[in-house]
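**Student:** In this text, residue positions in the sequence shown follow the numbering used here: the first is 4, and each later residue adds one.
Since the hints were made in silico from the structure, they are not lab data.
A virtual CB, placed ideally from N, CA and C, is assigned to each residue, including glycine.
Wrong hints could be hidden among the right ones.
Unchecked claim - Restraint-style ranges between C-beta atoms, simulated for each label pair:
#1 28 <-> 65: 30 to 38 Å
#2 107 <-> 85: 30 to 38 Å
#3 74 <-> 7: 17 to 25 Å
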Amino acid sequence: MSGTKASGDQGEALAGRYLEARGYTILDRQWRCRFGELDIVARSPEGVLCFVEAKRRGPGSIGLPREFVDGRKQQRLRRAANLYMGFHGLDCPARFDVAEVYEGKDGALRVEYLEDAFA
4 MSGTKASGDQ GEALAGRYLE ARGYTILDRQ WRCRFGELDI VARSPEGVLC
54 FVEAKRRGPG SIGLPREFVD GRKQQRLRRA ANLYMGFHGL DCPARFDVAE
104 VYEGKDGALR VEYLEDAFA
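Given the sequences, and given the hints that come with them, work out the whole structure.
**Tutor:** Okay, structure coming up:
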């Protein structure tokens, strides 16, 4: 496994633990379809279906992690989410969130969570 893949997987795992600690139920991780991958699919404590894109950046990285969820990426996520909901027969409120995972110079990781990051 490449360093980038392992780093991303570690960031996604941390984001999942962050959500679970706040009462979210993880429904799927790394769900793949023809449009790409949904990093995390979770249900919020309020019952909202959350499609969570986890983005990890190391110390000295340029730009915020959320900036890498550009319009093209958002469109792929929307298509994948629609397919996911249809595949599972879901008709419920949903939103797109971004879990920004930051790595400090000491290697410690922290999560900044953005609810309803885009429509």
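**Student:** Each hint should be assessed against the structure and marked as holding or not.
**Tutor:** Evaluation of the provided hints:
| no. | hint | result |
| --- | --- | --- |
| 1 | 28 <-> 65: 30 to 38 Å | holds, 35 Å |
| 2 | 107 <-> 85: 30 to 38 Å | holds, 37 Å |
| 3 | 74 <-> 7: 17 to 25 Å | holds, 23 Å |
In this structure, every one of the numbered hints holds.
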